[in-house]
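S.K.: Residues per chain are reported as follows:
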Amino acid sequence: MLEISNLACSRGDHLLFSDLNFSLSAGDLLQVQGANGSGKTSLLRTLCGFMMPATGEIRWCGQNIRELGDAFYAEMVYLGHLNAIKDELNALENLRISAGLAGCKVDDKQVIAALRRMGLRGRETLPVKVLSQGQRRRVALTRLLLSNAPLWILDEPLTALDVGAVGLMQELIGEHLLNNGMVIYTTHQPLEVAGVATRWLALS
Amino acid sequence: MNKLSLLGLLSLVIRRDLVLAMRRRADVLTTLIFFVIVVSLFPLGVGPEMDMLRKMAPGVVWVAALLASMLSLGRMFSADYLDGTLEQMMLVPQSLSALVLAKILAHWMVSGLPLVIMAPVLGLQFDMPAQALWVLIAALLLGTPILSMIGAVGAALTLGLRGGGALVSLLVLPLCIPVLVFGAGAVEAIVSGTSVGSHLSLLGALLVMALVFTPWVTALALRISME
Amino acid sequence: MAINWFKYSSPSTFYGVAGKMVPWFAWSATILFVAGLYISFFVAPTDVQQSEAYRIMFIHVPASILSMFIYLVMAGYAALGLIFNTRLSSMMASALAPTGALLAFLSLWTGALWGKPMWGAWWVWDARLTSELILLFLYLGFIALHASIDDPRRADRASALLAIIGSVNVPIIYFSVQWWNTLHQGASVKFTGTSMHVAMQQGMYTMMLAVWSYAIAVSLLRVRCIILERECKAQWVSELAEVRQ
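Chains as they are written, first to last, in this note's numbering: chain A, 111 to 314; chain B, 77 to 303; chain C, 5 to 249.
Simulated from the structure, these hints should not be mistaken for lab results.
These stretches of chain B come out as covered by chain A in the derived footprint (C-beta under 8 Å, 3 or more residues): (1) 96 to 104; (2) 159 to 167.
FRET-style restraints, in silico, Cβ to Cβ: (3) 175(C) <-> 131(B): 25 to 31 Å; (4) 241(B) <-> 314(A): 36 to 42 Å; (5) 146(A) <-> 241(B): 29 to 35 Å; (6) 268(B) <-> 49(C): 43 to 49 Å; (7) 164(A) <-> 277(B): 45 to 51 Å; (8) 176(C) <-> 207(B): 24 to 30 Å.
C-beta atoms are modelled at their ideal positions from N, C-alpha and C, and glycine is treated no differently.
Work out the full structure: start from the sequences and follow the hints.
M.R.: Shown next, in the form of structure tokens:
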């Protein structure tokens, strides 16, 4: 499904990595590893099309993602370092808008159910600015539950999460993989998904 | 296929930005108060002779509107950029230009439209005749959206830069000169008894041109700035 | 005969080529300036209407023409850099900007010096003057935007977009200012050249060529500096004779 060939990335005039080759098919879990500054975030941002690769190609179902454009974006979810939630809105409004933009038809009941699953019962209509860092991260992660895109690109999904939430994340990823999803992520914390062999990609 | 219709996208983004603006009313009011204060300072600077003030009024109101719209440009993309929502918007499976257009329209409703509504009151301070006030409103209605659109390009280019506020004015103000010329010119024309139509139609032409090109250019600038 | 143009589009090759070209343009600029200034001050006759003050035109006209032309060239290079992602074109664009800004400033300055004895005012809001002033602002905006972005690639691309927008806008601005000016009853006395004396023409052309050579020499020198700055980590730079010393 997702194929990366000969990919090289540079930041400014500095080459981060080159000759990267890998592919991801339904049910695959790929963890990107590397020290700080090795280009993990840049790799994920390149996969999203924010950054232009210095050389090489990224193909989705055999077609370059630059040519696919919207059709590719409709099949992926990206969760970056930043939570992409608005402090002035409450969790429900935030998710209603982000799901709406992604083109998912969801009603409030589904959103509330998803938020409860993420352990945010009773916080649905509080302005996000009164929530803690971990709770905000949970709101951001709820986006994954509301989307039906097969490809998840997660940059440090576990930051600020407590043990319970990390367990929940593992559960979610497991379910997604069972549904023929694909996950590519970076993390500094261990993330074990039962019954799935994690593949590793080391950037040096 | 997950996809939102174009109109659906426009209305969703406009509603979102309006709600956000309403929850941060202070920002909106600051721009408006700035506009009022700048216009009110001019008579104090040049003296209270009504003849001169009446002559200056269109220019003063237009320059103040230009400055006020510069002041609010920083808000168009930077908050969304800082909390990551702009990133998500670029991943929306719909044309980024359409999304940008929606953001520009919302920005105009919040920062341009109040100026248009306030302008006639300020015109009275300068003893402008009623006819001229109507032309002023019409010209501002046509012109302020253009300011928002040209400003959007500047705001997108300077996204996340240190001292972006001053820089954006340096980039955008020279490009806004035609709007100023035709906008103020329309009001002067009605005062001096010549035809207003040509000025307003030129403003309208500029508006159409801006409407066609600036969302696309702004989207390009955003892609450059997000890299 | 096919010349491989792409060979010259690599910074390492162009660095050497530019280095060979700079002395030629620098010397021709010097010689042409000396010749041009001699003709303009000693050979060209005094003008009947404008007496000696007209001589400032020998600097003013080339500076004005070149300041506008350089903006177009700069926008062209910037567009090439943006579309084909060629680094050298973007470097050329940023090397041209300061020269263009300098010439625009010179043109305004000499224009003001000429205007005082001719029109009785340092500055009039004539369409041409105003447009030249706005051109200077556009140059300054380009330089300021480029300078305030740390990432060189983003700086190149963002300022390229600005240069293109500017070049599209210049005709609109010129038209609107002219329109505005005719409304306010033109304050300007048009410089309608009565048939120019041959020596005047020669002086003008020589000065024009001199300014051309100067602009090319300085831009090439500047682009060499930019190449060195940007490529300082590259292998070929560390092998240069002037770097190894």
